[in-house]
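S.K.: Each chain, written out:
2 protein chains.
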Amino acid sequence: MPELRKDPILGRWIIIAKERSRRPTDFVIREQIVKGGFCPLCPGNENTTPEEVLAYGRNPSHPPNSPGWEIRVVPNKYPALVIEGDLNKEGVGIYDKMNGIGAHEVIVESPNHEDTFINLSPDRLLYVFWAFRDRLVDLGRDPRFKYVMVFKNSGKDAGASLEHSHSQLVALPILPRMIVSELDGSLSYYKYKERCIFCDIIRQELREEIRVVCENDHFVTIMPFAPRSPFEMWILPKKHSSSYITTDDVSFIALAKIFSETMKRLDACIPDVPYNFVLHGAPMHSEPLDYFHWHFEIRPKLTTTAGFEWGSGFYINPMPPEDAAVYMREAFEK
Amino acid sequence: MPELRKDPILGRWIIIAKERSRRPTDFVIREQIVKGGFCPLCPGNENTTPEEVLAYGRNPSHPPNSPGWEIRVVPNKYPALVIEGDLNKEGVGIYDKMNGIGAHEVIVESPNHEDTFINLSPDRLLYVFWAFRDRLVDLGRDPRFKYVMVFKNSGKDAGASLEHSHSQLVALPILPRMIVSELDGSLSYYKYKERCIFCDIIRQELREEIRVVCENDHFVTIMPFAPRSPFEMWILPKKHSSSYITTDDVSFIALAKIFSETMKRLDACIPDVPYNFVLHGAPMHSEPLDYFHWHFEIRPKLTTTAGFEWGSGFYINPMPPEDAAVYMREAFEK
Chain A
0 MPELRKDPIL GRWIIIAKER SRRPTDFVIR EQIVKGGFCP LCPGNENTTP EEVLAYGRNP
60 SHPPNSPGWE IRVVPNKYPA LVIEGDLNKE GVGIYDKMNG IGAHEVIVES PNHEDTFINL
120 SPDRLLYVFW AFRDRLVDLG RDPRFKYVMV FKNSGKDAGA SLEHSHSQLV ALPILPRMIV
180 SELDGSLSYY KYKERCIFCD IIRQELREEI RVVCENDHFV TIMPFAPRSP FEMWILPKKH
240 SSSYITTDDV SFIALAKIFS ETMKRLDACI PDVPYNFVLH GAPMHSEPLD YFHWHFEIRP
300 KLTTTAGFEW GSGFYINPMP PEDAAVYMRE AFEK
Chain B
0 MPELRKDPIL GRWIIIAKER SRRPTDFVIR EQIVKGGFCP LCPGNENTTP EEVLAYGRNP
60 SHPPNSPGWE IRVVPNKYPA LVIEGDLNKE GVGIYDKMNG IGAHEVIVES PNHEDTFINL
120 SPDRLLYVFW AFRDRLVDLG RDPRFKYVMV FKNSGKDAGA SLEHSHSQLV ALPILPRMIV
180 SELDGSLSYY KYKERCIFCD IIRQELREEI RVVCENDHFV TIMPFAPRSP FEMWILPKKH
240 SSSYITTDDV SFIALAKIFS ETMKRLDACI PDVPYNFVLH GAPMHSEPLD YFHWHFEIRP
300 KLTTTAGFEW GSGFYINPMP PEDAAVYMRE AFEK
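If you read the protein sequences in the order shown, they are chains A and B. 296 is the number that numbering that gives the first Met the number 0 gives to position 297 of the first sequence; each next residue is one higher, with no gaps. 55 is the number that numbering that gives the first Met the number 0 gives to position 56 of the second sequence; each next residue is one higher, with no gaps.
Heads up, a few of these hints could be off.
To be verified - If you anchor each label on the Cβ, the simulated ranges turn out as follows:
| hint | chain 1 | residue 1 | chain 2 | residue 2 | range |
| --- | --- | --- | --- | --- | --- |
| 1 | B | Val91 | A | Asp248 | 17 to 27 Å |
| 2 | A | Gly10 | B | Arg132 | 25 to 35 Å |
| 3 | A | Glu329 | B | Val91 | 40 to 50 Å |
| 4 | B | Asn44 | A | Tyr189 | 49 to 59 Å |
| 5 | A | Glu286 | B | Arg22 | 42 to 52 Å |
| 6 | B | Lys88 | A | Glu207 | 12 to 22 Å |
| 7 | B | Val136 | A | Pro39 | 50 to 60 Å |
| 8 | B | Lys190 | A | Lys238 | 41 to 51 Å |
| 9 | A | Glu83 | B | Asp141 | 18 to 28 Å |
| 10 | A | Glu207 | B | Arg22 | 50 to 60 Å |
| 11 | B | Glu321 | A | Ser160 | 24 to 34 Å |
| 12 | B | Ser285 | A | Leu9 | 44 to 54 Å |
| 13 | A | Tyr77 | B | Asp114 | 32 to 42 Å |
| 14 | A | Pro39 | B | Ser285 | 30 to 40 Å |
Hint data in this document are derived by calculation from the structure and do not stem from the laboratory. For glycine and all other residues, C-beta sits at the position ideal for the given N, C-alpha and C.
Whenever a hint applies, use it, and build me the whole structure from the sequences.
M.R.: Structure, rendered in structure tokens:
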């Protein structure tokens with residue numbers, strides 16, 4: 000069973016996930032993405048993954064874990080956290096630990112091995128965003144889970160280990176530090192101004208138009224004022240909402256459109272760039288929050304985190320977001 | 000001039016360091032460490048670096064910026080922050096920024112291009128630790144600087160761009176987030192227990208001996224209970240002290256010895272591993288703090304930070320520190 004451990008000074012939790020015993024030198028051989036060869040996420044290989052928890056598009060007369068699906072969600076075969084068991088929080092001298100209870104799932108975004116997230120059709124992308132919602136709703140029923148982190152690693156340098164287009168989610172028994180900081184920061188602003196800081200950011204960005212990448216009726220993509228790395232972007236709903244799962248059907252279509260446009264612009268600027276995206280939303284079981292605003296954060300993986308960033312939490316970014324936004328807006332004009 | 004910008008939600012500062020204009024696709028070509036060829040840090044090439052701020056070992060009758068030195072400290076030619084100017088804090092709508100005032104220096108650890116930090120003699124290593132102290136004392140006289148971050152990037156994957164063995168320091172006009180969190184966390188513990196949490200950690204680790212790597216009369220190297228990555232290590236003085244610069248001469252010799260032993264053990268476990276280390280100490284101009292304890296943190300760069308870690312601040316580590324500590328203790332027995 001994986002173990003959650005808390006740093007006693009920083010309150011930062013880490014997961015010790017000892018999936019398989021490794022010798023020190025095993026770490027040096029970086030995992031490569033296998034090109035060609037056997038793919039456990041392809042149709043026909045459903046029996047090589049754990050049993051699916053969701054599938055769209057399969058003929059209802061066909062059994063689960065058979066081909067014919069459009070989107071399929073399965074537990075991760077090498078999970079960082081496991082779903083069965085109790086938390087069993089305990090102290091170890093001055094330290095604290097608990098069992099690594101949680102869920103770790105893989106959202107297979109297409110049956111076609113050659114598809115990439117950037118080239119998914121708007122319809123298929125819509126399915127992906129529905130799948131995120133459906134899994135968030137389902138996992139939200141488990142009182143052990145405080146937060147579900149939805150994210151994507153694309154490209155080896157961004158941490159992907161499988162070529163077949165997929166995203167992931169991890170359900171956590173504690174609120175992650177980054178979300179706590181965002182909630183604290185936006186609550187401080189709300190207490191002072193009685194306005195959502197994200198709503199204020201959207202208003203200022205749409206007025207100034209210097210860090211806006213693209214927009215539609217429901218969403219806007221901006222470069223944040225203080226990005227940690229070049230071409231970092233946030234996609235935010237224009238209408239205030241703290242929770243992704245309350246998004247309505249019309250807005251989901253708009254989300255698929257702006258996400259597709261954003262990623263196609265990025266691909267035109269920096270072809271085949273490795274990237275991550277992460278969904279930020281209110282904690283599970285939370286009432287609607289006036290001070291917090293759900294959004295996606297997208298990070299192209301272009302810089303190496305070195306000693307300075309690691310030690311300080313302070314990032315050096317060689318590309319002003321105002322310049323990157325110009326490249327993004329003009330991406331299709333080449 | 001570089002610019003410091005504050006994320007309005009998280010309070011996290013970033014540095015926009017636009018050293019040279021770059022097109023988006025320039026980021027894809029990762030900088031390689033140049034092997035062979037011209038080295039600006041080698042003796043004879045002193046005129047290709049900015050003017051030195053410190054040198055040990057040169058015959059006093061020879062001029063500055065000439066060969067004959069054992070250790071040399073020079074401003075970084077492409078600094079993340081610049082030393083001249085005023086902070087000029089200002090608001091930009093709801094955002095905050097200030098001029099990128101600071102210092103960014105390179106500590107050249109040896110005149111010999113082939114030397115590596117791991118193979119430096121104890122005497123030479125002692126000079127390196129003295130140089131850290133002397134630069135900290137000197138930069139501490141500038142009231143604009145709140146913190147000086149001393150760190151090393153070794154190997155391309157850990158962010159190094161020059162082969163010649165060197166470490167770096169960045170003097171900052173604000174306290175970095177990571178240090179604020181450490182100070183806050185250790186102060187909370189002190190308020191509750193009236194003891195330094197690091198002293199308590201040292202006591203527990205020396206008693207249990209399961210995460211201790213090595214020790215001498217003055218220092219101990221441990222694997223932290225909740226490490227972010229495999230083989231993360233901390234080197235701490237056994238006697239309480241919040242500030243590196245108060246270290247006495249006998250303790251500096253012991254520090255050079257334990258640092259050398261720690262790195263040689265690491266190299267025996269994982270040859271040529273890329274790594275970072277960072278010095279954590281009290282802020283500049285701080286009185287001695289009963290609740291904070293200076294130390295070095297060492298991180299071998301063995302894992303990729305992917306979407307989950309980036310979005311959550313939550314790390315997944317496949318190697319329990321208790322196992323890694325066994326490998327380290329037995330490193331010389333092979």
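S.K.: The hint says 50 to 60 Å between Glu207 of chain A and Arg22 of chain B; measuring C-beta to C-beta, is that right?
M.R.: The hinted range 50 to 60 Å is violated for Glu207 of chain A and Arg22 of chain B, with Cβ atoms some 24 Å apart.
S.K.: So the hint says 24 to 34 Å: do the beta-carbon atoms of Glu321 of chain B and Ser160 of chain A match that?
M.R.: 26 Å, holds
S.K.: Does the Cβ pair Glu286 of chain A, Arg22 of chain B satisfy 42 to 52 Å?
M.R.: 47 Å, holds
S.K.: Would you say the C-beta atoms of Tyr77 of chain A and Asp114 of chain B sit inside 32 to 42 Å of each other?
M.R.: Holds, at about 41 Å.
S.K.: Can you tell me whether the CB distance of Val91 of chain B to Asp248 of chain A sits inside 17 to 27 Å?
M.R.: Violated: the Cβ-Cβ distance is about 37 Å, outside 17 to 27 Å.
S.K.: Hint says 18 to 28 Å; check whether the CB-CB distance for Glu83 of chain A and Asp141 of chain B agrees.
M.R.: Violated: the Cβ-Cβ distance is about 57 Å, outside 18 to 28 Å.
S.K.: Can you tell me whether the CB distance of Val136 of chain B to Pro39 of chain A sits inside 50 to 60 Å?
M.R.: Between Val136 of chain B and Pro39 of chain A, where Cβ atoms are some 58 Å apart, the hint holds.
S.K.: For the hint 25 to 35 Å, verify it against the beta carbon of Gly10 of chain A and that of Arg132 of chain B.
M.R.: Roughly 31 Å apart at Cβ, these two residues keep to the hinted range, so it holds.
S.K.: If I claimed the Cβ atoms of Ser285 of chain B and Leu9 of chain A lie 44 to 54 Å apart, would that claim hold in this structure?
M.R.: 19 Å, violated
S.K.: Quick check on a hinted range of 12 to 22 Å for Lys88 of chain B and Glu207 of chain A, using CB atoms only.
M.R.: 20 Å, holds
S.K.: Does the Cβ distance between Pro39 of chain A and Ser285 of chain B fall inside 30 to 40 Å?
M.R.: Once the Cβ atoms are compared, 54 Å apart, the range 30 to 40 Å for Ser285 of chain B and Pro39 of chain A is violated.
S.K.: Is the hinted range of 40 to 50 Å satisfied by the C-beta distance from Glu329 of chain A to Val91 of chain B?
M.R.: Since the Cβ atoms of Glu329 of chain A and Val91 of chain B sit about 24 Å apart, the hinted range of 40 to 50 Å is violated.
Violation of the numbered hints given earlier is confined to hints 1, 3, 9, 10, 12 and 14; the remaining hints are satisfied by the structure.
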